[in-house]
Amino acid sequence: MNRQSRFVISVLSFGYAFLYVPLILVIVYSFNDSRIATIWGGFSTRWYGELLRNDQILDAALLSLTIAATSATGATILGTMAGLVLARFGRFKGRTLFAGMISSPMVMPEVITGLSLLLLFVTLQQLTGWPAQRGFSTITIAHTTFSMAYVAVIVQSRLVAMDESLEEAAMDLGGRPLRVVFDITLPLIAPAMVAGWLLSFTLSLDDLVIASFVSGPGSTTLPMYIFSKVKLGVSPDINALATIIIVTVSIGVAIAWLVGRHVNKPR
Amino acid sequence: MKDFIRIQGVSKLFGDFVAVDNVDLEIARGELFSILGGSGCGKTTLLRMLAGFEVPSSGSIQIDGVDVTHQAPYDRPVNMMFQSYAIFPHMNVASNIGYGLRREGVAKGEIARRVDEMLELVQLGDFKNRKPDALSGGQRQRVALARALIKRPKVLLLDEPLAALDKKLRERTQFELMNIQDELGITFVVVTHDQEEAMTLSSRIVVMNQGRFEQVGTPKEIYEFPVNRFVADFIGTINTFEGVVTVVEEERIEVYCEQIGDTLTALGRQLVEVGQAVQIAVRPEKIFVSKERPENDKDVCIEGVVDDLGYLGNRSLYRVRLKSGRVIQVSSQNRRRSVTRFLEWEDDVWISWRPRSAVLLLD
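Taken in order, these protein sequences are the chains called A and B. Reminder that position 77 of the first sequence reads as 77 in the numbering used here, one-by-one numbering, no gaps. Reminder that position 138 of the second sequence reads as 138 in the numbering used here, one-by-one numbering, no gaps.
By construction, these hints were calculated from the structure, which means they are not laboratory data. Glycine included, every Cβ here is placed at the ideal spot set by N, Cα and C. Do not rely on the hints blindly, as some may be mistaken.
Claimed, not checked - Listing some non-contacts, in silico: residues in chain B with all C-beta distances to chain A over 10 Å:
#, residue
1, 80
2, 186
3, 288
4, 291
5, 356
Said to hold, decoys possible - These stretches of chain A come out as covered by chain B in the derived footprint (C-beta under 8 Å, 3 or more residues):
#, stretch
6, 158-170
7, 173-180
Turn these sequences into a full structure, and let the hints steer you where they fit.
Next up, the structure:
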């Protein structure tokens, strides 16, 4: 082994260690019997049991999952429509503006997105009386807004890579434009839509900042709950919760990767 | 019916770029018509206007007496075979072929019957349930053809139908296409950049250049009687000699070529004047090459030296350098079976051709 490759390998190991050692520590300490999170007191699964008896956590988790599923579905529908318009409607007036505005939520600081959405909801409430209370609906709308941008980008890039003559051929054979969308376009971009849905789901499940702005009393998402608990000191059941989330997210990423591999398979 | 398809004064502009420039064309029913030209000459744009994917900036298109200029692709009695074949990857062969009929609302049994008919026509009976990614290039081409033919269109448009196939398969498919066209009697309009393909397939050809038509005619007319330098050059190879008209008689024109210091004769009735600058053009295969001066003194004879030669099996190519330094291409059939070469490098030779073989080009 020459010096060059030893250097490369050590840099690589250091990088990976930096990324994954903390996660492994969380998983290891979730099986810690001790009440003090940083001192090892023997192997135990008691924190997992305690987690299941904690109604607050279960409520927060259920709320988070419902919001994630709803907003991911909404984002996939809207994002797919935006992606279709960007990739297939040619150069209409204001296309550049539209494209820029669709992707802006991706680069906008979350604090600003959250703050502006809060102002919007407050103003709306004063003007129309809706939303009477901030919570599930406002968080879902907020999450749909920013994850839609990611779906639009994924769908658009899939459409750009797709041979446009497929849709032309269907039209040539008698398919009217809307019919062609359902016969040809949607089946072919379905993998991209699934990938977009999974990404939106993860983004929503992960979000703390925007949810903190637009949530109201009684609607605490899982990240909000964890964050508030940690402020009072790390308790071992949070480690158990984190482990469950890590495993769930890993499975989600693996599925997204498998689907994505199918998307990119040359036809 | 001479004007089954009638294209009148059609232009297409993309911004400032003129893709198709005020063209007129009539295509008869049952013709196998080719649009031939290099890339960017506007041939594909013209085809897409026939299919309905582009709307002409001006002019009109009629098919079978109906103005289709502004008709949507799905309303036209026209189907197209795409260059990429555009086979739907998520449907099997039978669903691909039946797609057009399903959109038309034809009954299921009828669709199944006609799909089988088409599969038989293109000899794909055993591949009915295959997915497209399990097909070879030639099979995909035939699926695309069957899918475009199943609705029995009045006109079938083919965009570079053979470009994606290898040479052997291309030759076979050419004849298959011609047989199918003959059998069904559908008017075919083919876009191609391959002059050989256009020559073998078509009943008539139009040569396109920079959005305009250079010449419309049968393959023979285009090859043997090109109207200008572009057509002569584009279809096959040709040797040209620039010169000035010295004598104009009925059916006989003499041209003095300074390059070779000799007078060349061409036959034909063309409107030229003495003193006009013209070109004499001769195809390589119309030129004979021999070691002795040919006896027939009516022929045009020029002395030269073999500069280069190439053996192609069925024929040989010679590049003969004239005294003036001009290099002329000559192609001759290898009729005799022999190991030794009939001519060697630097041999002194005579090249000759009949005046009738030469074409007079005005530009």
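For this session: Against the earlier hints, flag every one the structure doesn't satisfy and list their numbers going up.
Result: Number 1 only.
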